[in-house]
Amino acid sequence: MSVTTKPVNQKAWFLILPVFICVAFSAILPLMTVVNYSVQDIISPERRVFVGTEWFAAVMRDEDLHAALWNQLKFSGAVLLVEIPLGIALALSMPAAGWKASATLVIVALSLLIPWNVVGTIWQIFGRADIGLMGATLQRLGIEYSYTGDALHAWLTVLLMDIWHWTPLVALLAYAGLRSIPDAYYHAARIDGASKFAVFRYIQLPKMRGVLMIAVLLRFMDSFMIYTEPFVLTGGGPGNATTFLSQYLTQKAVGQFDLGPAAAFSLIYFLIILLFCFVLYNWMQRLGQTEKEGGHD
Amino acid sequence: MTDRRFKKRTIFLIAYLIFALLPIYWMVNMSFKTNQEILSSFSLLPQAFTWDNYKTIFTDESWYSGYINSLIYVAINTTISLTVALPAAYAFSRYSFLGDKHVFFWLLTNRMTPPAVFLLPFFQLYTTVGLMDTHLAVALAHLLFNVPLAVWILEGFMSGIPREIDETAYIDGYSFPRFFITIFLPLIKAGVGVAAFFCFMFSWVELLLARTLTSVNAKPIVATMTRTVSASGMDWATLAAAGVLTIVPGAIVIWFVRHYIAKGFAMGRV
Chain A
1 MSVTTKPVNQ
11 KAWFLILPVF
21 ICVAFSAILP
31 LMTVVNYSVQ
41 DIISPERRVF
51 VGTEWFAAVM
61 RDEDLHAALW
71 NQLKFSGAVL
81 LVEIPLGIAL
91 ALSMPAAGWK
101 ASATLVIVAL
111 SLLIPWNVVG
121 TIWQIFGRAD
131 IGLMGATLQR
141 LGIEYSYTGD
151 ALHAWLTVLL
161 MDIWHWTPLV
171 ALLAYAGLRS
181 IPDAYYHAAR
191 IDGASKFAVF
201 RYIQLPKMRG
211 VLMIAVLLRF
221 MDSFMIYTEP
231 FVLTGGGPGN
241 ATTFLSQYLT
251 QKAVGQFDLG
261 PAAAFSLIYF
271 LIILLFCFVL
281 YNWMQRLGQT
291 EKEGGHD
Chain B
1001 MTDRRFKKRT
1011 IFLIAYLIFA
1021 LLPIYWMVNM
1031 SFKTNQEILS
1041 SFSLLPQAFT
1051 WDNYKTIFTD
1061 ESWYSGYINS
1071 LIYVAINTTI
1081 SLTVALPAAY
1091 AFSRYSFLGD
1101 KHVFFWLLTN
1111 RMTPPAVFLL
1121 PFFQLYTTVG
1131 LMDTHLAVAL
1141 AHLLFNVPLA
1151 VWILEGFMSG
1161 IPREIDETAY
1171 IDGYSFPRFF
1181 ITIFLPLIKA
1191 GVGVAAFFCF
1201 MFSWVELLLA
1211 RTLTSVNAKP
1221 IVATMTRTVS
1231 ASGMDWATLA
1241 AAGVLTIVPG
1251 AIVIWFVRHY
1261 IAKGFAMGRV
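These protein sequence lines map, in sequence, to chains A and B. Reminder that position 73 of the first sequence reads as 73 in our numbering, one-by-one numbering, no gaps. Reminder that position 51 of the second sequence reads as 1051 in our numbering, one-by-one numbering, no gaps.
Hint data in this document are derived by calculation from the structure and do not stem from the laboratory. Among the hints, a few may not be true.
[What the hints assert, rightly or not] Cross-link-like lysine-lysine pairs, in silico, DSBU-like; alpha carbons within 30 Å at most: (1) Lys1007(B) with Lys196(A); (2) Lys1007(B) with Lys207(A); (3) Lys11(A) with Lys1189(B); (4) Lys100(A) with Lys1008(B); (5) Lys207(A) with Lys1101(B); (6) Lys1189(B) with Lys100(A); (7) Lys196(A) with Lys1008(B); (8) Lys11(A) with Lys1101(B); (9) Lys1101(B) with Lys6(A); (10) Lys1189(B) with Lys1101(B); (11) Lys207(A) with Lys1189(B); (12) Lys196(A) with Lys100(A); (13) Lys1055(B) with Lys1219(B); (14) Lys207(A) with Lys1008(B); (15) Lys207(A) with Lys6(A); (16) Lys1007(B) with Lys100(A); (17) Lys1189(B) with Lys6(A).
Predicted, not measured: the structure shown is a model, and the values here were computed from it.
Sequences and hints are given; from them, build the entire structure.
Structural data, given as structure tokens:
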């Protein structure tokens, strides 16, 4: 976003209007419905009772929810810890130009384009101890591997699946950042006799800061909303080992049809994400500004 | 760059690429086996090579209609997303107006809302307006995350075009629509391509909303697949073949935009 002043023109709202209508139809109306449900006890379509904040209180005290939230935080944390460094390393080792670069790019990006439940299906097959390559290999190495029976194995398999699925996103972003560094920087570094690490620390990393921010934000949000892949792979089990927030919500809303509590939970879930978004977004804006004020560092 | 260093990087890269391809290879491998072979023996290549699984999918209507349904709503969604996002992105990149930053942030929050939150209200809303089980319902629901994304990407590309071009055109007597279509659009072709690619991709891979809003007439392939898992859990071969076929459109599209994908990701306005 350029800092140079843009002309003030309130008529620009007319250009925004179509987007506003579209998103309002699919965001504001449904959100109001959720708010409406969250304060009522719906016994049947004709009989509903206003219950105020009762559902919110109930949901906040729900032990299962705490477990799901804790599970979710651990998972999102692990996802960021593994995928960000791995993605950067991958971007650094990808060829810069030529057919090798094209081929690598396509192979790396492939996993992003697979429908999410197919991702789950692939790993479901891949991890089976009797017919899957990974499962059978681990079995032969003498590891009693079973993602359906062992809570830790299930959790690790979901994590590995997510790494496989989404590290390419981080890698592509970091790669785009790397390619935007002018050659002059590297020449200067070579003349100064800078080590590989110094080049990474003082040239590449600062230049990738913008794209890495997007990567962290996207990965955090998307891993916080993960649903389809664990649903297909483990169905949330064994026990509740891989039940994350979305999974829990869907079980409540669709499975048990507890409209009130599910709606209250939806709102809390939405607010958690909104809060994180707001903090991260403003932080990124601030970082972008100090970078511009600092000029060339 | 020293030789040893170079080799270490290449080895790491190759190791990752193998990790990336192994699960896909295994599915492709299984799609050419019979169910009996899958369950009875463990082999790296199909022993009794067969096209039967693919034949099943291309001849059984309940399978191939899933692909057609998916393609229809993805196409509708991509068209609507781009049509509404283009003028909006132009407004964000060229003008400042009351509440512009807030509207932009609000748009982004929709990208970050878990679809699970909107599951029930969508179901009720579309039942009320009579759109349940139509392609349009899924296409409209997917606007929730595709419109913000398209605006985000297009705004990045548009901001890269100097404003002098607009001003010159207006002085030359171009009206806004004529300027936008004949001069501006060709300049941001790459951006439109990238935005279309991302809309296609996110609509294609989404399952939760698509499954909830459809039952028979507009049932997408991703939903067909999950129902097969629960109904006849042992039909691994057909499932694998169906999975392979869902990757194909994405792989084709990615080949065309390979030079722009990385750029498109980095263009987002921050």
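Each hint, compared with the structure:
{"no.": "1", "hint": "Lys1007(B) with Lys196(A)", "verdict": "15 Å, holds"}
{"no.": "2", "hint": "Lys1007(B) with Lys207(A)", "verdict": "25 Å, holds"}
{"no.": "3", "hint": "Lys11(A) with Lys1189(B)", "verdict": "26 Å, holds"}
{"no.": "4", "hint": "Lys100(A) with Lys1008(B)", "verdict": "17 Å, holds"}
{"no.": "5", "hint": "Lys207(A) with Lys1101(B)", "verdict": "25 Å, holds"}
{"no.": "6", "hint": "Lys1189(B) with Lys100(A)", "verdict": "26 Å, holds"}
{"no.": "7", "hint": "Lys196(A) with Lys1008(B)", "verdict": "13 Å, holds"}
{"no.": "8", "hint": "Lys11(A) with Lys1101(B)", "verdict": "16 Å, holds"}
{"no.": "9", "hint": "Lys1101(B) with Lys6(A)", "verdict": "13 Å, holds"}
{"no.": "10", "hint": "Lys1189(B) with Lys1101(B)", "verdict": "26 Å, holds"}
{"no.": "11", "hint": "Lys207(A) with Lys1189(B)", "verdict": "27 Å, holds"}
{"no.": "12", "hint": "Lys196(A) with Lys100(A)", "verdict": "23 Å, holds"}
{"no.": "13", "hint": "Lys1055(B) with Lys1219(B)", "verdict": "20 Å, holds"}
{"no.": "14", "hint": "Lys207(A) with Lys1008(B)", "verdict": "24 Å, holds"}
{"no.": "15", "hint": "Lys207(A) with Lys6(A)", "verdict": "26 Å, holds"}
{"no.": "16", "hint": "Lys1007(B) with Lys100(A)", "verdict": "15 Å, holds"}
{"no.": "17", "hint": "Lys1189(B) with Lys6(A)", "verdict": "23 Å, holds"}
When the structure is compared with the earlier hints, no violation turns up for any of them.
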